[in-house]
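Got chain A sorted already, so can you dock chain B onto it with the hints?
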Amino acid sequence: MSERQVIDARGAFCPGPLMELIAALRHSAIGDEVEVWSTDKGSAADIPAWIKKVHHELVSINEADGHWSIVIRKAK
Amino acid sequence: MASKPLYIVLCSGEHEKVQMAAMMASVGAVSERAVEVFVSMNAIFAFVRDATPDRRYRGGAFSQFMKEKHAPDALVLLRQGKEFGDLKIWACSMALDVAGLEMDHLVEELFDGPLGMTKFLSDAEAGQLVTL
Chain A
0 MSERQVIDAR GAFCPGPLME LIAALRHSAI GDEVEVWSTD KGSAADIPAW
50 IKKVHHELVS INEADGHWSI VIRKAK
Chain B
0 MASKPLYIVL CSGEHEKVQM AAMMASVGAV SERAVEVFVS MNAIFAFVRD
50 ATPDRRYRGG AFSQFMKEKH APDALVLLRQ GKEFGDLKIW ACSMALDVAG
100 LEMDHLVEEL FDGPLGMTKF LSDAEAGQLV TL
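So the sequences go chain by chain: A and B. For the first sequence, numbering that gives the first Met the number 0 begins at 0 and goes up steadily by one. For the second sequence, numbering that gives the first Met the number 0 begins at 0 and goes up steadily by one.
If you're looking for bench data, these hints aren't it; they were derived computationally from the structure. Note that the structure is predicted; figures quoted are calculated from it, not measured. Any given hint could be a false lead.
Stated by the list, open to error - Here are the simulated distance ranges between beta carbons: (1) Ala-44/A <-> Met-93/B: 33 to 43 Å; (2) Phe-61/B <-> Ala-43/A: 18 to 28 Å; (3) Lys-75/A <-> Glu-108/B: 23 to 33 Å; (4) Lys-51/A <-> Arg-54/B: 37 to 47 Å; (5) Ala-63/A <-> Ala-125/B: 24 to 34 Å; (6) Gln-63/B <-> Ala-63/A: 24 to 34 Å; (7) Glu-2/A <-> Val-97/B: 52 to 62 Å; (8) Gln-63/B <-> Leu-57/A: 31 to 41 Å; (9) Asp-72/B <-> Ala-44/A: 19 to 29 Å; (10) Asp-103/B <-> Glu-56/A: 41 to 51 Å; (11) Phe-61/B <-> Ala-44/A: 36 to 46 Å; (12) Ala-22/A <-> Ala-50/B: 40 to 50 Å; (13) Ser-1/A <-> Val-97/B: 49 to 59 Å.
Claimed, not checked - Only some residues are given here: those of chain B computed to face chain A with a beta carbon under 8 Å: (14) Ala-1; (15) Met-22; (16) Ser-25; (17) Val-26; (18) Val-29; (19) Ser-30; (20) Glu-31; (21) Lys-68; (22) Ala-70; (23) Gln-79; (24) Phe-83.
Every residue gets a Cβ at the ideal spot worked out from N, C-alpha and C, and that includes glycine.
Chain A with its partners taken away, still in its complex shape (with noise of 0.2 Å):
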């Protein structure tokens, strides 16, 4: 069965929430998803790009409270 982990990166400086999404992808299955934390304003454009470039998917991004919560299934 498929996990998700949360990963809080909020108060992380460009590219922190990315490394440290890679660094919880690179512990997880595939098919679990990450929801990332980030305060950092290019999170919501970077980390959908990155996803698309490297072909994990995008399950969901929003923002609420003062931070974007990104959300990725690991495809491969």
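Just chain B now, kept in the frame of chain A:
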């Protein structure tokens, strides 16, 4: 289609340029793009082993902001680029000779070795070259 490799010549020792090189190199490498960095001139001093952050990173107003707000450390970013992607970092052999430095004077587990500009430029013909 695979991305063109990215080649970065880092010759400035200014913190802001070292940081930008580290950001470009690490993000490029984790985005399935081969990246090579050639460290020369004053930039070599930012990579001297056992330097304190204040001595390693010298720059202007933005450098101060990055230190105060704890922006990701350039050496950490470069190590992440190597761990998560295809990133090679070379120390300019001329810079080492002129500064009287050996490879073991530089930070550990970061450099792939010394390299001459001729070989780096020859390799860079296949990709995109950026100089900082």
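| task | Would you check whether Ser-25/B satisfies its interface hint, that is, whether its CB is within less than 8 Å of any CB in chain A? | result | This interface hint holds because 6 Å falls under the 8 Å limit.
| query | Close enough to count: is the Cβ of Glu-31/B nearer than 8 Å to one in chain A? | reply | 5 Å, holds
| query | Taking the least C-beta to C-beta distance, is Lys-68/B closer than 8 Å to chain A? | reply | 7 Å, holds
| Taking the CB of Phe-61/B and the CB of Ala-44/A, does the distance hold inside 36 to 46 Å? | 22 Å, violated
| Range hint 23 to 33 Å (beta carbons of Lys-75/A and Glu-108/B) holds or violated | The hinted range 23 to 33 Å holds for Lys-75/A and Glu-108/B, with Cβ atoms some 28 Å apart.
| Should the hint that Ser-30/B touches chain A count as held when the rule is a Cβ pair under 8 Å? | 5 Å, holds
| query | Minimum Cβ distance from Val-26/B to chain A below 8 Å? | reply | 5 Å, holds
| request: Could you see if the CB distance from Glu-2/A to Val-97/B stays within 52 to 62 Å? | output: 53 Å, holds
| Using the C-beta atoms of Asp-72/B and Ala-44/A, is the stated range 19 to 29 Å upheld? | 24 Å, holds
| Given a hinted range of 24 to 34 Å, is it respected by the beta-carbon distance of Ala-63/A and Ala-125/B? | Given a distance of about 45 Å, which is not inside 24 to 34 Å, the answer is violated.
| message | Quick check on a hinted range of 24 to 34 Å for Gln-63/B and Ala-63/A, using CB atoms only. | response | 33 Å, holds
| request: Look at the Cβ atoms of Phe-61/B and Ala-43/A and judge whether their distance stays inside 18 to 28 Å. | output: Given range 18 to 28 Å: holds, Cβ gap about 23 Å.
In terms of the numbered hints stated before, the structure departs from hints 5, 11, 12 and 14, listed from lowest to highest.
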